[in-house]
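Asks: Listed below, chain by chain, are the residues.
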Amino acid sequence: AQKITQTQPGMFVQEKEAVTLDCTYDTSDPSYGLFWYKQPSSGEMIFLIYQGSYDQQNATEGRYSLNFQKARKSANLVISASQLGDSAMYFCAMSSRNRGANSKLTFGKGITLSVRP
Amino acid sequence: DAMVIQNPRYQVTQFGKPVTLSCSQTLNHNVMYWYQQKSSQAPKLLFHYYDKDFNNEADTPDNFQSRRPNTSFCFLDIRSPGLGDAAMYLCATSRDRIGEYNIQYFGAGTRLSVL
Numbered sequence: 001a002q003k004i005t006q007t008q009p010g011m012f013v014q015e016k017e018a019v020t021l022d023c024t025y026d027t028s029d030p031s032y033g034l035f036w037y038k039q040p041s042s043g044e045m046i047f048l049i050y051q052g053s054y055d056q057q058n059a060t061e062g063r064y065s066l067n068f069q070k071a072r073k074s075a076n077l078v079i080s081a082s083q084l085g086d087s088a089m090y091f092c093a094m095s096s097r098n099r100g101a102n103s104k105l106t107f108g109k110g111i112t113l114s115v116r117p
Numbered sequence: 118d119a120m121v122i123q124n125p126r127y128q129v130t131q132f133g134k135p136v137t138l139s140c141s142q143t144l145n146h147n148v149m150y151w152y153q154q155k156s157s158q159a160p161k162l163l164f165h166y167y168d169k170d171f172n173n174e175a176d177t178p179d180n181f182q183s184r185r186p187n188t189s190f191c192f193l194d195i196r197s198p199g200l201g202d203a204a205m206y207l208c209a210t211s212r213d214r215i216g217e218y219n220i221q222y223f224g225a226g227t228r229l230s231v232l
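Those protein sequences? They're chains Y and G, same order as listed. Residues in the first sequence are numbered from 1 upward in steps of one, following this note's numbering. Residues in the second sequence are numbered from 118 upward in steps of one, following this note's numbering.
Hints in this document: simulated from the structure, not taken from any laboratory. It is possible that part of the hints are untrue.
Unchecked claim - 20 Å max Cα-Cα, derived PhoX-like pairs, lysine-lysine:
no.	chain 1	residue 1	chain 2	residue 2
1	Y	Lys-3	G	Lys-161
2	G	Lys-169	Y	Lys-70
3	Y	Lys-104	G	Lys-134
4	Y	Lys-109	G	Lys-161
5	G	Lys-169	Y	Lys-109
6	Y	Lys-104	Y	Lys-73
7	G	Lys-155	Y	Lys-16
8	Y	Lys-73	Y	Lys-109
9	Y	Lys-70	Y	Lys-3
10	Y	Lys-104	Y	Lys-3
11	Y	Lys-3	Y	Lys-109
Use the sequences and the hints to build the structure in full.
Replies: Here is the structure:
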């Protein structure tokens, strides 16, 4: 069974500073994908970044980077130069090649990020 | 831009009155998903379609049904909404259903209220 753990309480960051959102995972599958989604108060779930378990380099996408530490089973999201519009709920999720069955996303509970002006 | 569109954004229905939520996509993806998300919780998968192949999650209540008349459209039918069905309903699509590289793209959601 797969599990995603996001245990940080609500996070606060000053505008223009960097922030790290933690995510740890557990799986017995040798091949898996890790995702981060952003959900503002409007409700839309916005895909941010993806990391494959066999990718050698950490994924980056604009101001977002994924700090992937496979041995520690962690996939932390780093947001550089925070903006007020980054205030939202952030979900870490995982999918895997589930022995031929349907690939499903397993979500963490989410972390609320608030950016202060 | 290619996208996933959900209508309406807000839906109010009465207890027990059937309601239908709609989702369309211009990504030409094979898979469409429906999630239920309650306040401050992670999304919960209800079911998905791979092309015309319907896949129900084991714990999805019978009250929830879905239709996919073509590649672009998918509907969520709630036959007799209860107060506990008030939630955000999210539609998502992905190119395929198998594999760790499968990115799901979500619509803006429909927020359902049951009076």
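Asks: Now tell me if each hint is right for this structure.
Replies: Hint-by-hint comparison with the structure:
1. Y:Lys-3 <-> G:Lys-161: Holds, because 14 Å separates the two Cα atoms, which is no more than 20 Å.
2. G:Lys-169 <-> Y:Lys-70: 37 Å, violated
3. Y:Lys-104 <-> G:Lys-134: 31 Å, violated
4. Y:Lys-109 <-> G:Lys-161: 11 Å, holds
5. G:Lys-169 <-> Y:Lys-109: 31 Å, violated
6. Y:Lys-104 <-> Y:Lys-73: Judged against 20 Å, a Cα distance of about 19 Å means the pair holds.
7. G:Lys-155 <-> Y:Lys-16: Roughly 32 Å separates the two Cα atoms, so the pair is violated.
8. Y:Lys-73 <-> Y:Lys-109: The hint holds at about 17 Å.
9. Y:Lys-70 <-> Y:Lys-3: 15 Å, holds
10. Y:Lys-104 <-> Y:Lys-3: 12 Å, holds
11. Y:Lys-3 <-> Y:Lys-109: Roughly 11 Å between the alpha carbons, so the hint for Y:Lys-3 and Y:Lys-109 holds.
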